[in-house]
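S.K.: Residue numbers (my numbering), protein chains in the order written: chain A, 1 to 113; chain B, 1 to 113.
Hint data in this document are derived by calculation from the structure and do not stem from the laboratory.
Please read these numbers as outputs of a predicted model, since none were measured by experiment.
Accuracy of the hints is not assured; some may be wrong.
As the list claims (entries may be wrong) - Listed next, the in silico DSS-like pairs over lysine-lysine satisfying Cα-Cα at most 30 Å (straight line):
| id | chain 1 | residue 1 | chain 2 | residue 2 |
| --- | --- | --- | --- | --- |
| 1 | B | 9 | B | 71 |
| 2 | A | 68 | B | 57 |
| 3 | B | 57 | B | 71 |
| 4 | B | 14 | A | 22 |
| 5 | A | 42 | B | 71 |
| 6 | A | 58 | A | 71 |
| 7 | B | 57 | A | 42 |
| 8 | B | 9 | A | 68 |
| 9 | A | 71 | A | 37 |
| 10 | B | 57 | A | 22 |
| 11 | A | 42 | A | 22 |
| 12 | A | 57 | A | 37 |
| 13 | A | 42 | B | 9 |
| 14 | A | 71 | B | 57 |
| 15 | B | 71 | A | 37 |
| 16 | B | 14 | B | 57 |
| 17 | A | 42 | B | 14 |
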Amino acid sequence: GENVEQHPSTLSVQEGDSAVIKCTYSDSASNYFPWYKQELGKRPQLIIDIRSNVGEKKDQRIAVTLNKTAKHFSLHITETQPEDSAVYFCAASRDNQGGKLIFGQGTELSVKP
Amino acid sequence: NAGVTQTPKFQVLKTGQSMTLQCAQDMNHNSMYWYRQDPGMGLRLIYYSASEGTTDKGEVPNGYNVSRLNKREFSLRLESAAPSQTSVYFCASSEAPGTYEQYFGPGTRLTVT
């Protein structure tokens with residue numbers, strides 16, 4: 001069945017460094033790839049998403065890249081700040097599936113001041 | 001707007017008891033979803049409702065039933081709770097089925113003893 005693998009499961013960086021989280025997906029028909037941030041005890045919230053007709057998307061310090069051939073996509077956070085500390089989830093879905101999202105296992109990012 | 005709301009916030013059940021988790025959204029969204037979140041496993045889709053009047057199974061539907069009561073409300077029922085259903089349950093909604101942002105509720109933490 002459909003599967004999304006996410007790595008690493010934990011990531012610790014110094015404030016100001018960059019952080020990269022990678023995901024691979026199995027369903028070649030997937031065409032929508034959102035990233036969610038979940039702070040401790042809170043609900044997941046969308047931070048950025050990308051569709052399969054785009055190779056890269058940026059929003060201030062956050063960027064996502066997509067390689068359809070290799071079926072992987074990555075989240076890049078530059079100039080990390082302590083408030084970036086959270087669990088990040090990637091996900092994948094495709095049209096005609098009612099919006100069904102398949103999530104990765106999550107990455108716990110810790111930004112040390 | 002309250003967004004997506006869930007009740008209760010916490011619940012403890014004994015094995016074999018039943019309960020219904022309630023979810024409502026005030027964003028006039030067509031699609032609604034139920035996920036469970038377990039440590040190290042990300043978010044897994046239980047059931048979803050692409051539009052009012054329809055429901056479909058997700059990745060882990062066994063032991064659960066759902067009702068799309070109207071456009072606003074989507075409930076999740078555990079008929080005979082088991083310890084394996086101890087989890088945090090999130091409801092979400094999106095404007096339409098397909099590749100749209102999903103907005104999550106605050107979650108219900110359920111413990112089955």
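S.K.: Next, verify each hint and record whether it holds.
M.R.: We went through each hint and held it up to the structure:
1. 9(B) to 71(B): 22 Å, holds
2. 68(A) to 57(B): Since the Cα atoms of residue 68(A) and residue 57(B) sit roughly 28 Å apart, the hinted pair holds (cutoff 30 Å).
3. 57(B) to 71(B): 18 Å, holds
4. 14(B) to 22(A): 40 Å, violated
5. 42(A) to 71(B): 25 Å, holds
6. 58(A) to 71(A): Since the Cα atoms of residue 58(A) and residue 71(A) sit roughly 19 Å apart, the hinted pair holds (cutoff 30 Å).
7. 57(B) to 42(A): 26 Å, holds
8. 9(B) to 68(A): 40 Å, violated
9. 71(A) to 37(A): Holds, at about 22 Å.
10. 57(B) to 22(A): 28 Å, holds
11. 42(A) to 22(A): Holds, at roughly 23 Å.
12. 57(A) to 37(A): Holds: residue 57(A) and residue 37(A) sit about 17 Å apart, inside 30 Å.
13. 42(A) to 9(B): 12 Å, holds
14. 71(A) to 57(B): The given pair, whose Cα atoms are some 25 Å apart, holds under the 30 Å limit.
15. 71(B) to 37(A): Satisfied, since the Cα-Cα distance of roughly 27 Å is no more than 30 Å.
16. 14(B) to 57(B): Status holds; Cα separation ~25 Å.
17. 42(A) to 14(B): 26 Å, holds
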